[in-house]
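Working from the sequences, and respecting the hints, build out all of it.
From first to last, the protein sequence lines are chains A and B.
Position one of the first sequence corresponds to residue 164 (the numbering used here), numbered consecutively onward.
Position one of the second sequence corresponds to residue 164 (the numbering used here), numbered consecutively onward.
Be a bit skeptical, because a hint or two may be false.
Intra- or inter-copy, both count: the list cannot distinguish identical chains.
Claimed, not checked - Simulated crosslink set (BS3-like; lysine-lysine; CA at most 27 Å straight-line):
#1 K174 x K308
#2 K353 x K251
#3 K488 x K174
#4 K491 x K239
#5 K368 x K491
#6 K169 x K368
#7 K169 x K488
#8 K239 x K225
#9 K368 x K200
Since the hints were derived computationally from the structure, they do not count as laboratory data.
There are 2 protein chains.
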Amino acid sequence: MPELRKDPIVKSWVIISTERAKRPHDFARPKTEKVSKFCPFDPGNESTTPPEVMAFRPANTKPDTAGWWIRVVPNKFPALNPNLELKKLGHGIYDSMVGFGAHEIVIETPDHNATLATLDYKQVEEVIWAYRERYNALLRKKGIKYALIFKNYGADAGASLEHSHSQIIATPTVPSRIIEEIEGSKEYYKFRERCIYCDIIQEEKMENTRIVEENEDFIAIEPYASRAPFETWVLPKTHQYDFGQISEKHVKSFANILKNVLLRMRLSLEDPPYNFMIHTGMPSGEGRDYYHWHLEIVPRLTKLAGFEWGSGFYINPTPPEEAAKYLKEVDISKVLQP
Amino acid sequence: MPELRKDPIVKSWVIISTERAKRPHDFARPKTEKVSKFCPFDPGNESTTPPEVMAFRPANTKPDTAGWWIRVVPNKFPALNPNLELKKLGHGIYDSMVGFGAHEIVIETPDHNATLATLDYKQVEEVIWAYRERYNALLRKKGIKYALIFKNYGADAGASLEHSHSQIIATPTVPSRIIEEIEGSKEYYKFRERCIYCDIIQEEKMENTRIVEENEDFIAIEPYASRAPFETWVLPKTHQYDFGQISEKHVKSFANILKNVLLRMRLSLEDPPYNFMIHTGMPSGEGRDYYHWHLEIVPRLTKLAGFEWGSGFYINPTPPEEAAKYLKEVDISKVLQP
Chain A
164 MPELRKDPIV KSWVIISTER AKRPHDFARP KTEKVSKFCP FDPGNESTTP PEVMAFRPAN
224 TKPDTAGWWI RVVPNKFPAL NPNLELKKLG HGIYDSMVGF GAHEIVIETP DHNATLATLD
284 YKQVEEVIWA YRERYNALLR KKGIKYALIF KNYGADAGAS LEHSHSQIIA TPTVPSRIIE
344 EIEGSKEYYK FRERCIYCDI IQEEKMENTR IVEENEDFIA IEPYASRAPF ETWVLPKTHQ
404 YDFGQISEKH VKSFANILKN VLLRMRLSLE DPPYNFMIHT GMPSGEGRDY YHWHLEIVPR
464 LTKLAGFEWG SGFYINPTPP EEAAKYLKEV DISKVLQP
Chain B
164 MPELRKDPIV KSWVIISTER AKRPHDFARP KTEKVSKFCP FDPGNESTTP PEVMAFRPAN
224 TKPDTAGWWI RVVPNKFPAL NPNLELKKLG HGIYDSMVGF GAHEIVIETP DHNATLATLD
284 YKQVEEVIWA YRERYNALLR KKGIKYALIF KNYGADAGAS LEHSHSQIIA TPTVPSRIIE
344 EIEGSKEYYK FRERCIYCDI IQEEKMENTR IVEENEDFIA IEPYASRAPF ETWVLPKTHQ
404 YDFGQISEKH VKSFANILKN VLLRMRLSLE DPPYNFMIHT GMPSGEGRDY YHWHLEIVPR
464 LTKLAGFEWG SGFYINPTPP EEAAKYLKEV DISKVLQP
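Structure (structure tokens):
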């Protein structure tokens, strides 16, 4: 049974995921990359995943058969389990919780070889619709406090299957990074009565040295204090708290900028491994006036993260102004569909 | 010129390290590992590093010549530079500082093939003495607020040279993780008037399921909310705030437990890559009653850190009780010198 445990000092939570229990010999590093021919996410192999919780498919097709263009299934080795009863427990001086929650996989395309950077805009929109639908559905469950939408792309970013997919983990507690961001924004708001993300967007537009891409509704920037080379944030240009309320128009423009930014990275950085995650407000509504949802992309180009995540101290060898310049200069027009 | 920049939302600092400026093509991933035969840390090659700032060597040998058993040199590509003048600057809504600080390398042995796990106890003691000496020397410099002692072992943990070495980065600001730990300990102290680390040690001794190794002065445990498989903390058993004040007796017992723990990892996890860092109190003395210095070791066995450092949400597939059991059961007696 998975278990959530709280660090008694800094108060962040950890999932101890017994579904994936690893013994020392499981960590032996393979000398060559395993290339598996069978893919559970390919059309025709639907019976090899847990039954789908949602799919975009023609009305005349049955669940868990081919024909879908987006398919959402529970993770076969879930970090958290929706069938447990939420219970908070004390353990000596420590706090824990039963590993209640959910862990779903969004299969972004039936095409085994496609990626978010190469799919057409329409299909990326469908991915965003799937995020929105599952996000809202998961938050309706009793006991769920947050849902993290994220993607690991490439083995070096933690992806264990190469077929293009994202993940959603719904948790009975809010991730510490989100709490820090909400608290940081609150402090700024107290002084200025403005959203710090809105002010950042204004500053970036004025300075115009860290913008990668912009459309009517969204802006993609290299943040001023980028923790890693080519770290990129995508933000809605007007104040928006909740990703779950994203409008139809914004789904379109968000898909557009996301695909373009990923394509720029793919072309200039040779198809880099990356992680992205959506940081959105809490269902409780706390911070509605001062927190601003956004997506953070971190290409995994350097290997320093281990030391850095232990100190909170980052060394970034690429100034964000240079990173923005490189990404902006990439000519993506040739590889986009008309 | 390196620059420090502050994240305006969560307030952590980032070093933008222009000494190591990287363009997109620098990130092209080599298909095979580069094996370089020349090592600047080998005896005889002293002239290929910046001049030493300290060495343990016989009285009749000259600086920057062979004969040393510990040698400390500035990093050839320093993240921070001691020759800059500390200046705090505003940049629109952002804060920055000139990249003032220091970045030194502790070469732990003249033997190119040795590691901290295989060196004899006496030599590991010498490494700890070097840490202590440079730590105190760096903190005497005006403008330095903290000094982080850390080690990246193995390419997957960020080491770019294989010759056994550690690093010290002295910064004009305190790393955010340290601030979080000090604040967390303070909160606990307010309630109970006890150091949380002292209480953790007591709890762990009582429960006796997560202890890896113990001697008269130190204890090594897998923390209750371990963020990664085989994460291990080494703590002094009595309350101690400042690593810089470590006594001669404790240097001996600290070296002993550190070598033993690393040897256990080496034997049970097939010489894993790892990071370790010493978390110590601040020179200002803030938290003297409730903060407790310790060393954190994180083997780099899983690849999930990228997503996780972006959310503060960790998924650990190995319960710390199991990890402790494996490490404890390793028979290290055969490979230890008598």
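At most 27 Å between CA atoms: does that hold for K491 and K239 within a copy, between copies, both, or neither? Close neither inside one copy (39 Å) nor across copies (32 Å); limit 27 Å.
Using 27 Å as the alpha carbon limit, work out where K169 and K368 are close: within a copy, between copies, both or neither. For K169 and K368, the Cα distance is within 27 Å only across copies (19 Å; inside one copy 40 Å).
My question is about K488 and K174: at a cut-off of 27 Å on alpha-carbon distance, are they close within one copy, between copies, both, or neither? between (39 Å within a copy, 25 Å between copies)
Given a CA cutoff of 27 Å, do K239 and K225 count as a within-copy pair, a between-copy pair, both, or neither? within (21 Å within a copy, 63 Å between copies)
For the identical chains here, do K174 and K308 meet the 27 Å Cα criterion within one copy, between copies, both, or neither? For K174 and K308, both the intra-copy (16 Å) and inter-copy (25 Å) Cα distances are at most 27 Å.
Pop the pair K368 and K200 into one bin, within, between, both or neither, using alpha-carbon distances up to 27 Å. neither (47 Å within a copy, 49 Å between copies)
Checking K169 and K488: alpha-carbon separation at most 27 Å within a copy, between copies, both or neither? between (41 Å within a copy, 21 Å between copies)
Which holds for K368 with K491 at a C-alpha limit of 27 Å: within a copy, between copies, both or neither? Answer is within; shortest intra-copy Cα gap is 14 Å, inter-copy 57 Å.
Intra/inter-copy verdict for K353 and K251 if alpha-carbon distance must be at most 27 Å: between (33 Å within a copy, 24 Å between copies)
This entry does not satisfy hints 4 and 9, going by the numbered hints stated previously.
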